[in-house]
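Residue numbers (the working numbering), protein chains in the order written: chain S, 1036 to 1430; chain B, 2 to 290.
Read the hints as simulated data drawn from the structure, not as lab findings.
Glycine included, every Cβ here is placed at the ideal spot set by N, Cα and C.
Some hints could be false.
[Said to hold, decoys possible] Which residues of chain B face chain S? A few of them, derived with a C-beta cut under 7 Å, are:
#1 5
#2 7
#3 8
#4 15
#5 110
#6 114
#7 121
#8 134
#9 157
#10 161
#11 165
#12 168
#13 214
#14 215
#15 256
#16 263
[Claimed, not checked] Anything over 12 Å on all C-beta distances counts as not near chain S; from chain B, calculated:
#17 62
#18 221
#19 279
Spelled out from the first residue to the last, the chains are:
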Amino acid sequence: MKSISMLLGGVALAGLAGLSATTAAEAAGPTCKDGVIRLGAVSTITGPADFSEVPEAAAAVFDAVNAKGGLNGCKIEYTISDDKADPAVAAQAARDLIDNKEVVALVGSGSLLDCAVNATTYKRKGVLSVQGLGVDAACFNAPSVAPVNVGPYTLSTAMAYYATNQLKAEKVCAFFIIIGGTQEAYKGAIETWEKITGKKIHLLDMTLPFQGDLTPYVIKARDAGCDAVIQNAVEPGVVQWVKTADAQKITGINWLFLAPGYTQEVARALADSTQPVYVGTEWEPFTETGSAANKDWIATMTAAGKPLTAFSQGGYLAATVMLDVLSGINGEVTRESVTEALLTMQPKSYDLAGTPYVFGEGDRHAPMQATKVMKLEKGTWTVETPEWVVLPSAN
Amino acid sequence: MNALLTSAVAGLTAAGAYALLGVCAVFTYRLVAVVNFTGAAIGTAGTFSMIGFISLGVPLWPAVVLGILVGTLAGALIGLVMTQWFSEATATTKAAVTAALLVGLVALGLRLTGGQSPQEFPTLFPGSAFRLAGVEVTVASVLTVVLALVFTLLADAFLNRTRTGLHLRALSERPMAAELLGVRVRILALLVWAVTGAFTTFALMIIAPQRSPDFMSLSLLVVPALAAALVGAFRSFPLALAGGLTIGIVEGMSSAIDGISQYRGILPFFVILAVLLWSQRGARWDEAR
């Protein structure tokens, strides 16, 4: 047994030697001082939401790289900090990663408030964040953060665009739950759609309650004559909205939700509903386990024993982007060289996403502009748009 | 005007629930002298147990019965805590204890039921009863109003016409004196907690499919319920019933008025504040004189 593993080890070493020989011939590749590259993530793990699947998927990617000897011989040391959805804790977590752990970049964060709290700190310290799951508006409006997900605002525009373009909706309505300072961002999302399509929103209601009875709102949508309704609720809200529409015997309205509604639990809870329910995805639909675009993500997550969810796609993609950027660095990997590489990178396409990812310079970043639309049919999600729905530029 | 009527009818769904839970809150207060913040959470625990049993393969109605049993037990358990350690405490302390218990129950419930993940609640009474002003009034919402009404009448009759009712009133007013007179205080109090546990569980089972299907949202139905109870000054069942219905209907109507609709979530608090101010007016004016 021992001799077999030694033999395998020998083969692997020979392979690695061959690999480094070829890369050395072309370029020096990334190097590191203590044999490690330090990366970190600030994520909401405990508190009102749990986004731990995002950084843990990134960790799985880095673990796999480390198991193969690291990136050009450098092991990746990845620290996940829990911000507990508390601004003070989030600020402390970021400082600890930057000052004490000396991370060269942040990658695979998924948090309710990391961007809002820490984006300026990242800017000031010259450290950039490839966010795995941008949630709050600041993630898409800061020079120091560029998420790998589409985000709720661009996705709202995309779903409205899909409603007019493919569902041929004439009276598009939108009902948004506004939490914190998201009102302007949702308003902007609808304005962008108006610019792209030249149409006017039929009804825009930004007073949807997070909790409470939804009957009056569903009735309002019906009485206004909406033929498509965009709504931004998270899972329980989606279920409640559709059940209320069922109870009110409403027909002829397409209900369009954002990525948080795209889960197996929602599909199961709405198995009996006959309402036309659509959701936009942030990446290649995670329920399509046979899809070629999902193949490597599934293999990596399965090997690491991680769940196959949309969140884990975000962490996986952020880590993959970071590895590509790091691989392109010739010389020592430092905070400065990583920041430089991210700012000057060329757009790079990934099978998981519909538009290429780029960090780049600029005051705000929303590189992901495409979605695939899923339709609910008898308790399962089916792909409604095999091709990506890509938002055209608003200009 | 028509839109206002439509949204008022739409508010009926919530109104029945508020009224029913409000009447339950008055019941607990009048019999064991506790402002009970855990009411809806106890019902939620029973309701989630029901779907737990269903997922284990228990058929619907036996699962309903088992769920109600769990709710009854949860009610009795909270009652045990209250009678064991806080029977001699002031009303304020008791209320604070149940508020703390609510936070604990919600945290535990969220952990056990998968946080914000939606659950599939079976609709016990499906379909709509009738259509009014363009709104389908569901069988469930009619049922909640009817149940609230029945509970109001029964509770009134029970308290005023029966010997046990009399004992219970004595118990809530002067527990020590009642005990000295030979009333079996502990058992009676536990019985009240158990009965309200069973009743709120059944109420929550009817309401749950129309609400946000997670533990926290359902448990927080206690806020409009207590607002309704306060309208009845925690004494009058008919007034609490009317209060619950009014809060629901006003909440529905407010969603049709653009300037107000974004504040509709705070309506129960507004009602609480208004009632408190109104009830205190005499004292203030007397002091001023």
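Going down the list of hints, with the structure as the test:
The beta carbon of residue 5 of chain B is not positioned within 7 Å of any beta carbon in chain S (closest approach about 10 Å), and the interface hint is therefore violated. The beta carbon of residue 7 of chain B comes within 6 Å of a beta carbon in chain S, closer than 7 Å, and the hint placing it at the interface holds. Residue-level restraint check for residue 8 of chain B holds (minimum Cβ-Cβ distance to chain S is 5 Å; threshold 7 Å). The interface hint given for residue 15 of chain B holds, since its Cβ lies 4 Å from the closest Cβ of chain S, which is under the 7 Å cut-off.
Using the Cβ-Cβ criterion of 7 Å, the hint placing residue 110 of chain B at the interface with chain S is not satisfied: the shortest such distance is roughly 13 Å. With 7 Å as the threshold, the beta carbon of residue 114 of chain B stays out of range of chain S, its nearest partner Cβ sitting at about 11 Å, so the hint is violated. A hinted interface residue such as residue 121 of chain B counts as satisfied when its beta carbon comes closer than 7 Å to some beta carbon of chain S; here the least separation is about 4 Å, so the hint holds. This hint is violated: residue 134 of chain B has a C-beta 9 Å from the nearest C-beta of chain S, more than the 7 Å allowed.
The restraint placing residue 157 of chain B at the interface with chain S is violated, with a minimum CB-CB distance near 28 Å, outside the 7 Å limit. The interface hint given for residue 161 of chain B is violated, since its Cβ lies 34 Å from the closest Cβ of chain S, which is over the 7 Å cut-off. The beta carbon of residue 165 of chain B comes no nearer than 36 Å to any beta carbon in chain S, farther than 7 Å, and the hint placing it at the interface is violated. This hint is violated: residue 168 of chain B has a C-beta 39 Å from the nearest C-beta of chain S, more than the 7 Å allowed.
Taking 7 Å as the C-beta cut-off, the interface hint given for residue 214 of chain B holds, the closest approach to chain S being about 5 Å. Hint status for residue 215 of chain B relative to chain S: holds, with the closest Cβ pair at about 4 Å, below 7 Å. Hint status for residue 256 of chain B: holds, given a least beta-carbon distance of 4 Å to chain S, under 7 Å. Checking residue 263 of chain B against chain S: minimum C-beta separation of about 4 Å stays under 7 Å; hint holds.
Every CB of chain S is more than 12 Å from the CB of residue 62 of chain B (nearest about 18 Å), matching its label as outside the interface. Here residue 221 of chain B does not stay apart from chain S, with its beta-carbon only about 7 Å from theirs, under the 12 Å limit. Residue 279 of chain B, annotated as away from the interface, keeps every beta carbon of chain S farther than 12 Å; the closest lies near 25 Å.
In this structure, the hints that do not hold are numbers 1, 5, 6, 8, 9, 10, 11, 12 and 18, in rising order.
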